[in-house]
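S.K.: Listed below, chain by chain, are the residues.
2 protein chains.
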Amino acid sequence: MSKEYTVERVIEPRITLVGAGPGDPELITMKAVKAIQVADVILYDALVNEEILNYASPSAVKVYVGKRSGNHSYSQDDVNKLMVRYALEFGHVVRLKGGDPFVFGRGYEELIFAANYSIPATAIPGLSSSISVPGLQQIPVTHRGLSESFWVVTGTTATGEISNDLYEAARSKATVVVLMGLKKLKKIVKLFENEGKHKLPVAVIQSGSTDHEKVVVGIVETIVELVEEKGIAAPAILVFGEVVSLHPSFQPIREFYKALAEEI
Amino acid sequence: MSKEYTVERVIEPRITLVGAGPGDPELITMKAVKAIQVADVILYDALVNEEILNYASPSAVKVYVGKRSGNHSYSQDDVNKLMVRYALEFGHVVRLKGGDPFVFGRGYEELIFAANYSIPATAIPGLSSSISVPGLQQIPVTHRGLSESFWVVTGTTATGEISNDLYEAARSKATVVVLMGLKKLKKIVKLFENEGKHKLPVAVIQSGSTDHEKVVVGIVETIVELVEEKGIAAPAILVFGEVVSLHPSFQPIREFYKALAEEI
Chain R
1 MSKEYTVERV
11 IEPRITLVGA
21 GPGDPELITM
31 KAVKAIQVAD
41 VILYDALVNE
51 EILNYASPSA
61 VKVYVGKRSG
71 NHSYSQDDVN
81 KLMVRYALEF
91 GHVVRLKGGD
101 PFVFGRGYEE
111 LIFAANYSIP
121 ATAIPGLSSS
131 ISVPGLQQIP
141 VTHRGLSESF
151 WVVTGTTATG
161 EISNDLYEAA
171 RSKATVVVLM
181 GLKKLKKIVK
191 LFENEGKHKL
201 PVAVIQSGST
211 DHEKVVVGIV
221 ETIVELVEEK
231 GIAAPAILVF
241 GEVVSLHPSF
251 QPIREFYKAL
261 AEEI
Chain A
1 MSKEYTVERV
11 IEPRITLVGA
21 GPGDPELITM
31 KAVKAIQVAD
41 VILYDALVNE
51 EILNYASPSA
61 VKVYVGKRSG
71 NHSYSQDDVN
81 KLMVRYALEF
91 GHVVRLKGGD
101 PFVFGRGYEE
111 LIFAANYSIP
121 ATAIPGLSSS
131 ISVPGLQQIP
141 VTHRGLSESF
151 WVVTGTTATG
161 EISNDLYEAA
171 RSKATVVVLM
181 GLKKLKKIVK
191 LFENEGKHKL
201 PVAVIQSGST
211 DHEKVVVGIV
221 ETIVELVEEK
231 GIAAPAILVF
241 GEVVSLHPSF
251 QPIREFYKAL
261 AEEI
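Chains as they are written, first to last, in my numbering: chain R, 1 to 264; chain A, 1 to 264.
Bound conformation, chain R alone (with noise of 0.2 angstroms):
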């Protein structure tokens, strides 16, 4: 009797990084459908929709791998590490993250990590909630005659710190847009106040672009007030700057201090 031989599947280690955009499951790309469409292993962050997995195979390895500031359920480091594991014994990793990949989410980290391993990697952008979520309020990042740029900064550094760069961004006259700062609002705020602007427009939106959306607008020296009024939580993003006043909500506000400065 011959001996009988089995032939096992070659495995092609391979990492896509893949942005899953803001939260809607409609706001992803193609090219990152058609990357999840195509992976033996999902490795997904706490921010990105449960229901994109719905383009995955059914036969696809579907990971949480979601830490949220103060409650990590995994590292960076383990993450970097199961990533490379996943993609040596399936193939196809697609390692899933909120937004995109490159904007604070620690993609060229994981980008490194691969090489190390001589394991290929590329990534897909998504869309930030940078610039979507104001967005998908009306309210556009730039507008002729209202800003010139806008200024995208993290509102948590390593250091579990604001940005120094916060403080040049507050003098700016840039659109600043902070992610992951509403629990340093009122430092934030600060910063705002110390350049003289309390009545720049600010808006916090949480959730954008989910059915769990919240939009607070208001001014630098109400902000706070009415965050904590409207009970708003994390994850949320801050725009400050004169393009907030183009939001529907504004104009009431804007009535208010018009009346006021005409009573004085």
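Among the hints, erroneous ones may be present.
Stated by the list, open to error - Partial pick of chain A residues on the chain R-facing surface, computed with a CB cut under 7 angstroms:
(1) Glu26
(2) Phe102
(3) Pro125
(4) Pro140
(5) Glu148
(6) Val153
(7) Ala158
(8) Asp165
Stated by the list, open to error - Below, computed lysine to aspartate or glutamate pairings styled on DMTMM-like, alpha-carbon distance capped at 20 angstroms:
(9) R:Lys199 <-> R:Glu225
(10) A:Lys173 <-> A:Glu242
(11) A:Lys186 <-> A:Glu229
(12) A:Lys183 <-> A:Glu225
(13) A:Lys34 <-> R:Glu51
(14) R:Lys81 <-> R:Asp45
(15) R:Lys186 <-> R:Asp211
(16) A:Lys187 <-> A:Glu221
(17) A:Lys190 <-> A:Asp211
(18) R:Lys173 <-> R:Glu242
(19) R:Lys34 <-> A:Glu51
(20) R:Lys34 <-> A:Glu26
(21) A:Lys34 <-> R:Glu26
(22) R:Lys173 <-> A:Glu161
(23) A:Lys173 <-> R:Glu161
(24) A:Lys34 <-> A:Glu8
(25) R:Lys183 <-> R:Glu193
(26) A:Lys190 <-> A:Glu228
Don't read these hints as lab results, they were simulated from the structure.
C-beta atoms are modelled at their ideal positions from N, C-alpha and C, and glycine is treated no differently.
Knowing the structure of chain R, use the given hints to seat chain A on it.
M.R.: Just chain A now, kept in the frame of chain R:
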């Protein structure tokens, strides 16, 4: 003989601003494709990849309303009027714009124009080239230890000049992304030189995400010459910042300057 009546289709005018993304027809969102599929009319810009029109119904009216700096075929006012006229005549107009509608896209002006005719208008965000084009080159706009923010500025304002915000941006520690700035490259480079940033890494990327993509990586004091040598043409984006040093082409540049420094 009884009189005959013909029943006319009731036109329900509406307008959807749609971001077409950076160029690759797969880098458009599922939501955008769905809107295009049900459009009666599509008004599209120069920076929109025409392959995207294949998602549309064959019966949809497709009109090119492109304008490039220095070669106006349609003014913004022409586009606004056309958009409203088509909506009233045919129904659902998709206004298809390169990138994101609100990133130097004058999208908000179109929303206001539609509102003045009481035509319902919404916007579907698109991938802005400011983030996605560097990302596809594996240049992350943010990266721990290198950049805690990115600042996106127009190289060509309403008056045709570079934005005043660029002076401040050149001074900041943000990754600075300039859209529509290629023609002003010399002037923009001067701003960084004035801040003593002669060695700051710079990338110039033409037609990012398309078959015509070209990239040049250098530093502030060499980039103008490199761009000329390689014949880079518009549309192109400029990226100034330490994150550009992560691009694979930057390694030899770093080694050259290191060797030079050791000789001295």
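S.K.: Tell me if the straight-line CA distance from Lys173 of chain A to Glu161 of chain R falls inside 20 angstroms.
M.R.: holds (17 angstroms)
S.K.: For a C-alpha distance cap of 20 angstroms, please report whether Lys34 of chain A and Glu26 of chain R respect it.
M.R.: holds (9 angstroms)
S.K.: Is the interface hint satisfied for Asp165 of chain A? The criterion is a beta-carbon contact with chain R at less than 7 angstroms.
M.R.: Where the cut-off is 7 angstroms and the nearest Cβ of chain R is about 4 angstroms from Asp165 of chain A, the hint holds.
S.K.: For the pair we were handed, Lys34 of chain A and Glu51 of chain R, check the Cα-Cα distance against 20 angstroms.
M.R.: Measuring from Cα to Cα gives roughly 17 angstroms; hence the hint holds.
S.K.: For the pair supplied as a hint, Lys34 of chain A and Glu8 of chain A, is the alpha-carbon distance within the 20 angstroms limit?
M.R.: violated (26 angstroms)
S.K.: So if I understand the rule, the pair passes when the alpha-carbon distance is 20 angstroms or less; does Lys199 of chain R with Glu225 of chain R pass?
M.R.: With a Cα-Cα distance of about 14 angstroms, the restraint between Lys199 of chain R and Glu225 of chain R holds, given a limit of 20 angstroms.
S.K.: Under the criterion that the straight-line Cα-Cα distance not exceed 20 angstroms, is the pair Lys173 of chain R, Glu242 of chain R satisfied?
M.R.: OK: Lys173 of chain R and Glu242 of chain R at ~9 angstroms, within 20 angstroms.
S.K.: Run the distance test for Lys190 of chain A versus Glu228 of chain A: straight-line Cα separation, threshold 20 angstroms.
M.R.: At roughly 16 angstroms apart (the allowed maximum being 20 angstroms), Glu228 of chain A and Lys190 of chain A satisfy the hint.
S.K.: Should the hint that Ala158 of chain A touches chain R count as held when the rule is a Cβ pair under 7 angstroms?
M.R.: holds (5 angstroms)
S.K.: Would you check the hint for Lys186 of chain R and Asp211 of chain R, treating anything up to 20 angstroms between C-alpha atoms as holding?
M.R.: violated (27 angstroms)
S.K.: Taken at face value, is the distance from the CA of Glu26 of chain A to the CA of Lys34 of chain R at most 20 angstroms?
M.R.: Holds, at roughly 9 angstroms.
S.K.: Answer holds if the nearest beta-carbon of chain R is closer than 7 angstroms to that of Pro125 of chain A; otherwise answer violated.
M.R.: This interface hint holds because 4 angstroms falls under the 7 angstroms limit.
The structure does not agree with the numbered hints 15, 17, 24 stated previously, though it agrees with the rest.
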